[in-house]
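The residues making up each chain are set out below.
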Amino acid sequence: MNNDTIQAIEAQNITNAKKLSIIAFSGEFDRLTAAFTIATGAAAVGYEVNIFFTFWGLNAIKKENGRAAIGNNFITKIFGLMMGGLSNTPTSRFNFCGIGPWIFRKLMSKNNVATLEQLVEAAKTLGINLYACEMAMHVLGLKKNDFINEVKDELGVASFLKISEGGRTIFI
Amino acid sequence: MNNDTIQAIEAQNITNAKKLSIIAFSGEFDRLTAAFTIATGAAAVGYEVNIFFTFWGLNAIKKENGRAAIGNNFITKIFGLMMGGLSNTPTSRFNFCGIGPWIFRKLMSKNNVATLEQLVEAAKTLGINLYACEMAMHVLGLKKNDFINEVKDELGVASFLKISEGGRTIFI
Amino acid sequence: MNNDTIQAIEAQNITNAKKLSIIAFSGEFDRLTAAFTIATGAAAVGYEVNIFFTFWGLNAIKKENGRAAIGNNFITKIFGLMMGGLSNTPTSRFNFCGIGPWIFRKLMSKNNVATLEQLVEAAKTLGINLYACEMAMHVLGLKKNDFINEVKDELGVASFLKISEGGRTIFI
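Protein chains in written order, with my numbering: chain A, 21 to 192; chain B, 21 to 192; chain C, 21 to 192.
Treat the hints as calculated values from the structure; they're not laboratory data.
These figures come from a predicted structure and were not determined experimentally.
Beta carbons: idealized from backbone N, C-alpha and C, even for Gly.
A portion of the hints provided could be inaccurate.
[Unchecked claim] Under the rule of at most 27 angstroms between Cα atoms (straight-line distance), these lysine-lysine pairs were calculated in the DSS-like manner:
| no. | chain 1 | residue 1 | chain 2 | residue 2 |
| --- | --- | --- | --- | --- |
| 1 | B | 83 | B | 144 |
| 2 | C | 163 | B | 130 |
| 3 | B | 130 | C | 164 |
| 4 | A | 39 | C | 39 |
[Claimed, not checked] To be clear about the criterion: a stretch of chain C counts as covered by chain B if any three or more of its residues have a C-beta under 8 angstroms from a C-beta of chain B, and this derived list gives those stretches:
| no. | segment |
| --- | --- |
| 5 | 150-159 |
| 6 | 168-178 |
| 7 | 185-191 |
Based on the sequences and whatever the hints tell you, model everything.
Below is the structure:
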């Protein structure tokens, strides 16, 4: 096998890698559910999965007491309160002051479909890599220990692009 | 041609495949229009196109009588009514109780741009593969015959990832 | 080096290209900020970056006087007014009649994070390729000189797919 062919095969390895990376920007219940459903579905069939949480998506990885105002000044405190945590996420449509997610949860457990909380647990178990966006944390006054322990690292865009190289990247 | 080279060329075939897959999650008129515009534009220049409809996106492939409440219990009936069908989709911004989509349709037909309904027809004609998300159907109490006949199959995440392998995947 | 291997290596070049293409559909302040943050972050580490602005995303590249009603008839004039320009973009959540973006801008400048306007400037400096969607311009009655000079061209879907081939494509 000559060098060129090795290189070519490396290309194959790299480009066909079963790798899926998700930029989780949205904080709504239905979009987060979609993100975690795709992520756990992919991990279950052997994909390497990376999720990069940014902006509203950071809600998904906040500690349960994340509802409490966090951050070091008034404006970030307000945003912290408004963003809430995983159990306070609205739906992107038909939220009805919070009843929308409740209906969804009902429908999901009634029909034996994993709920968002169960999906997040599954993501941890399946070894999905969870990353927090450095810049958004900075803007919103969040620190690494505001997040669940499974969050691997804080990343910038460049590092995320490097980690997700050679696979598919979707923005949710 | 030796085996390694064959493999390498297969890599090329796989990774350069003119293949585009769309996860159609959103149910808004403007986002669905974007999804179908990209899909038909790609199919027209020889791309294999797969659309995987999930959550609100399922609106796009419901039969015209899809507006009627479907599903087998009260909560799914309510959701069925709220989701409506293709001709009841709101815009993501400036919906104005349904006038937004009407203005868009006006502008589109005035300027000789295909409307959403025409785009869906074009998608069928161009042989775009339409799939429904198994899990979302389950949650929302939808059955395969609630959808237009062109819907090829119900898929889970794993099957969709397999079908869309080697191409680009976008989430709308 | 034989022909097959050359072809295989070309495959490598194409498929591993550090190329990122963004379909910027959304017009909200937070989503546009995400789009430009990813774009400039990628360009800064040597990626070729293409942004294809469509629908509400066209707001990002309108000239400052873009707030004025543009277009050639009543309905497009109304849409032009509603869409506004870069400095009038709402946030996708917690907009509070325009206070949301103001809070974000405050937080961003307080924490030394580039604001949306600065990110757009950076995109120009980094040589990011900005394209406007031909069809959306047609629907909304926009002309090429309604946009900032850095907009390279008006493109249809097919041309955009060609330009973005071999890299990653995300829809925001």
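Hint check:
no.	hint	verdict
1	B:83 - B:144	14 angstroms, holds
2	C:163 - B:130	17 angstroms, holds
3	B:130 - C:164	20 angstroms, holds
4	A:39 - C:39	17 angstroms, holds
5	150-159	holds (count 3)
6	168-178	holds (count 3)
7	185-191	holds (count 6)
Of the numbered hints stated above, none is contradicted by the structure.
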